[in-house]
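Each step along the sequence shown adds one to the number in this note's numbering, with nothing skipped, and position 110 is 465.
Just so you know, these hints were derived from the structure itself, not from any lab. As the structure is a computational prediction, the values presented were derived from the model and not from experiment. Just so you know, not all the hints are guaranteed correct.
What the hints assert, rightly or not - Computed cross-link-like contacts, SDA-like style, restricted to lysine to any residue with a CA-CA straight-line distance of at most 25 angstroms:
1. Lys-605 <-> His-691
2. Lys-605 <-> Glu-619
3. Lys-605 <-> Pro-547
4. Lys-605 <-> Pro-679
5. Lys-605 <-> Ala-668
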Amino acid sequence: MATDVLFPHMSDEVDEGVLVTWFVESGAAVDEGALVASVQVEKVEEEVYAPVGGQVLELVVGQGDVVQQGAVIARIGAADEQAAAGRPAVVSGAGAAPPQPAPAATVALASPAARRVARELGVDLAAVQGTGPGGRIVEDDVRRASEGPSAGEPLPGTRRLLADRVRSWLAATAQFTLTSEVDVTELAQRQPQWTAAIVRACVLALPRHPRLASRWHGDRLVPPVTFDIGVAVSLEDGLVVPVIHRADEKDLPTLASDVAALAERASAGTLTIDDVSGAVFTVTNLGGHPIDAFTPLVYQPQTAILGVGRARARPAVVDDRIEPRTTLVLSLTVDHQVTDGAPAAAFLADMADLLAHPERLD
356 MATDVLFPHM SDEVDEGVLV TWFVESGAAV DEGALVASVQ VEKVEEEVYA PVGGQVLELV
416 VGQGDVVQQG AVIARIGAAD EQAAAGRPAV VSGAGAAPPQ PAPAATVALA SPAARRVARE
476 LGVDLAAVQG TGPGGRIVED DVRRASEGPS AGEPLPGTRR LLADRVRSWL AATAQFTLTS
536 EVDVTELAQR QPQWTAAIVR ACVLALPRHP RLASRWHGDR LVPPVTFDIG VAVSLEDGLV
596 VPVIHRADEK DLPTLASDVA ALAERASAGT LTIDDVSGAV FTVTNLGGHP IDAFTPLVYQ
656 PQTAILGVGR ARARPAVVDD RIEPRTTLVL SLTVDHQVTD GAPAAAFLAD MADLLAHPER
716 LD
């Protein structure tokens, strides 16, 4: 009897992931424990191994497909066995119907760097001609292939998954954004790690505004137990939001160290599922770009997110005279189902007070 190979359950916070790479083809013989696929949830990759030895009877989904966690992705059995009908893989696409079982495919021989770049650029390795030893695809081959015509190309799996989620978040919430210009002149003189300083201010202010740190659990709101703060990190193929766990128990230098370490691990692709799970509130900082204010989107099941613009000198009125002050704009997006404008404004006022008096962050 055929044995199902399942997409592993990696996270309780999302339902779907992406089938990144097949390492076998239909009809291939595999040993028990052999590597058969690489999958990704929340930009965290995990390898999938054969639960039994035998022949790959069927590859149910294709590379780059969005797949439900726990769904069947392949079937393994005896060489003379038909692939048994079973629980179908739940694959979502950009309005496409669920795919039929995939035909036999040739697995591209490619270096790890080439596979990484192919995922980032949305290049199908099956269409790339390798120039490395033995026809192996190398990074330069992928980059050359990416320069070809791109009109009409579908979104790569990870980007399509994000697009689906954003539409789902917006449909399930009533989001609105408040902005506040904050005087950070004294803080700027300390040359802080800005994201860490913002996170520190958040964990000092949020206990007075716990509704902004509540999370949806079905149709119920669950208040925070610990203040685990997500920090959005931009990657070449999108965003990832690693989490500083128990951020309220850490001082500013420790937070700065954690922010830097998580950003480095995000860029290296070494984050774990625990690293991207459990946030009750998120900070997204575009201060490194010429951006003053923007509208961040709430990540469900969270109910609020804080956007941070660049800190720069502006003329300001101080004691009835104009003088240069360093300010930045905070943009707070909240779910109107959870709170209203006045409580959200009160949180921003607390943030402004903390950031204007950096000694309170120590």
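Worksheet item: Does the structure break any of the earlier hints, and which numbers would those be?
Response: Checked against the structure, the hints that fail are numbers 1, 4 and 5, while the rest are satisfied.
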